[in-house]
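As you go down the protein sequences, you meet chains B and V in turn. Heads up: the first sequence begins at 141 in my numbering, then just goes up one per residue. Heads up: the second sequence begins at 141 in my numbering, then just goes up one per residue.
Errors might be hidden in some of the hints.
Unchecked claim - Mimicking DSS-like on lysine-lysine, the simulated pairs with C-alpha atoms at most 30 Å apart in a straight line are:
#, chain 1, residue 1, chain 2, residue 2
1, B, Lys-258, V, Lys-261
2, B, Lys-166, V, Lys-208
3, V, Lys-208, B, Lys-270
4, B, Lys-261, V, Lys-261
5, V, Lys-208, B, Lys-214
6, B, Lys-181, B, Lys-234
7, B, Lys-214, V, Lys-234
8, B, Lys-257, V, Lys-270
9, V, Lys-257, B, Lys-181
10, V, Lys-166, B, Lys-270
11, B, Lys-270, V, Lys-270
12, V, Lys-166, B, Lys-257
13, B, Lys-234, V, Lys-208
14, V, Lys-258, B, Lys-258
15, V, Lys-143, B, Lys-270
16, V, Lys-263, B, Lys-214
17, B, Lys-214, V, Lys-248
18, V, Lys-168, B, Lys-166
19, V, Lys-248, B, Lys-261
20, V, Lys-270, B, Lys-181
21, B, Lys-261, V, Lys-208
22, B, Lys-234, V, Lys-214
23, B, Lys-234, V, Lys-230
24, V, Lys-181, B, Lys-168
25, B, Lys-208, V, Lys-257
26, V, Lys-228, B, Lys-258
27, B, Lys-228, V, Lys-270
28, V, Lys-168, V, Lys-208
29, V, Lys-261, B, Lys-214
30, B, Lys-181, V, Lys-168
31, B, Lys-263, V, Lys-234
32, V, Lys-166, B, Lys-228
33, B, Lys-214, V, Lys-214
34, B, Lys-208, B, Lys-248
Source of the hints: derived by calculation from the structure; they are not laboratory data.
Number of protein chains: 2
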Amino acid sequence: MEKGSIFMREFDLSSDVYSLFLEAFKDKNPLHTDDSFAQSKGFEMRVMHGNILNGFISYFIGECLPTKNVIIQKQEIQFHLPVYVNSKLKFEAKIEEFYESVNSYEFKFYFENENRKKVAKGKIQIGILK
Amino acid sequence: MEKGSIFMREFDLSSDVYSLFLEAFKDKNPLHTDDSFAQSKGFEMRVMHGNILNGFISYFIGECLPTKNVIIQKQEIQFHLPVYVNSKLKFEAKIEEFYESVNSYEFKFYFENENRKKVAKGKIQIGILK
Chain B
141 MEKGSIFMRE FDLSSDVYSL FLEAFKDKNP LHTDDSFAQS KGFEMRVMHG
191 NILNGFISYF IGECLPTKNV IIQKQEIQFH LPVYVNSKLK FEAKIEEFYE
241 SVNSYEFKFY FENENRKKVA KGKIQIGILK
Chain V
141 MEKGSIFMRE FDLSSDVYSL FLEAFKDKNP LHTDDSFAQS KGFEMRVMHG
191 NILNGFISYF IGECLPTKNV IIQKQEIQFH LPVYVNSKLK FEAKIEEFYE
241 SVNSYEFKFY FENENRKKVA KGKIQIGILK
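Okay, chain B solo, but in the shape it has when bound:
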């Protein structure tokens, strides 16, 4: 884990993940649950909740780094394009900064869809637990 390190993963936004997110958080806004509503707003079909991507970030930080002694301190995300169910998303994160005095790392990340378009990007700051 040093400045410049790059991490990549693929995340499968399956109908299972979508269903579990809906069951956990009950956000049944028609944009996320009603294809014809979403189409009336110019989308192909119902749009996946952006916060499903934040769940993938939880997994990335908790499970995919060389150390398990981590805690998320800050996160930000910007959503650029809609994501639909059964998308396979490529995720890439790069360590932008290491703040030695406070033992924390800052990542920049993005998610890309199958057409290699960035659907979301943002930053994550984590602390290393002693």
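We have chain B; now place chain V onto it with these hints.
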């Protein structure tokens, strides 16, 4: 929905929500799943995933506003204090800005625990769908 409007809710971070989040996203980092590991790091017990709070934000935006014609554009969150399972969190969000030219709203929000301590705070920007 106008600048200065305030919205409040209570969110129950129940063991059901926690289990569904774990099942959806598989972040089984020991901080979130192992009481004795979390205690060795100075916490009372296993710490809930911060991104569960982002799931509550999805519900707030999707289900609790006067209009359903909304989409999240940006989100940021800072985590200040650990949250444990079975916490009841008070959530408050205030409309800080309305950008008429692009029909988007910016909220500032925080989550407070039962001891009235702020556990997290941040910003959300949403767009109104036409």
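Status of each hint after checking the structure:
1. B:Lys-258 / V:Lys-261: Holds - the C-alpha atoms of Lys-261 of chain V and Lys-258 of chain B are around 27 Å apart, at most 30 Å.
2. B:Lys-166 / V:Lys-208: 14 Å, holds
3. V:Lys-208 / B:Lys-270: 44 Å, violated
4. B:Lys-261 / V:Lys-261: Between Lys-261 of chain B and Lys-261 of chain V the Cα gap is close to 20 Å, so the pair holds against 30 Å.
5. V:Lys-208 / B:Lys-214: 28 Å, holds
6. B:Lys-181 / B:Lys-234: 34 Å, violated
7. B:Lys-214 / V:Lys-234: Judged against 30 Å, a Cα distance of about 20 Å means the pair holds.
8. B:Lys-257 / V:Lys-270: Answer holds: Lys-257 of chain B to Lys-270 of chain V is near 24 Å, not above 30 Å.
9. V:Lys-257 / B:Lys-181: Judged against 30 Å, a Cα distance of about 40 Å means the pair is violated.
10. V:Lys-166 / B:Lys-270: 24 Å, holds
11. B:Lys-270 / V:Lys-270: Distance of about 49 Å is beyond 30 Å: violated.
12. V:Lys-166 / B:Lys-257: Holds, because 26 Å separates the two Cα atoms, which is no more than 30 Å.
13. B:Lys-234 / V:Lys-208: 36 Å, violated
14. V:Lys-258 / B:Lys-258: 33 Å, violated
15. V:Lys-143 / B:Lys-270: 43 Å, violated
16. V:Lys-263 / B:Lys-214: 12 Å, holds
17. B:Lys-214 / V:Lys-248: 15 Å, holds
18. V:Lys-168 / B:Lys-166: 23 Å, holds
19. V:Lys-248 / B:Lys-261: 20 Å, holds
20. V:Lys-270 / B:Lys-181: 7 Å, holds
21. B:Lys-261 / V:Lys-208: Holds, at about 25 Å.
22. B:Lys-234 / V:Lys-214: Holds - the C-alpha atoms of Lys-214 of chain V and Lys-234 of chain B are around 20 Å apart, at most 30 Å.
23. B:Lys-234 / V:Lys-230: Violated, because 34 Å separates the two Cα atoms, which is more than 30 Å.
24. V:Lys-181 / B:Lys-168: 37 Å, violated
25. B:Lys-208 / V:Lys-257: Status holds; Cα separation ~27 Å.
26. V:Lys-228 / B:Lys-258: 36 Å, violated
27. B:Lys-228 / V:Lys-270: 28 Å, holds
28. V:Lys-168 / V:Lys-208: 34 Å, violated
29. V:Lys-261 / B:Lys-214: Holds, because 10 Å separates the two Cα atoms, which is no more than 30 Å.
30. B:Lys-181 / V:Lys-168: 37 Å, violated
31. B:Lys-263 / V:Lys-234: Distance ~23 Å between Lys-263 of chain B and Lys-234 of chain V Cα, so the pair holds.
32. V:Lys-166 / B:Lys-228: 17 Å, holds
33. B:Lys-214 / V:Lys-214: 14 Å, holds
34. B:Lys-208 / B:Lys-248: Holds - the C-alpha atoms of Lys-248 of chain B and Lys-208 of chain B are around 19 Å apart, at most 30 Å.
Checked against the numbered hints given earlier, the structure breaks hints 3, 6, 9, 11, 13, 14, 15, 23, 24, 26, 28 and 30 and satisfies all the rest.
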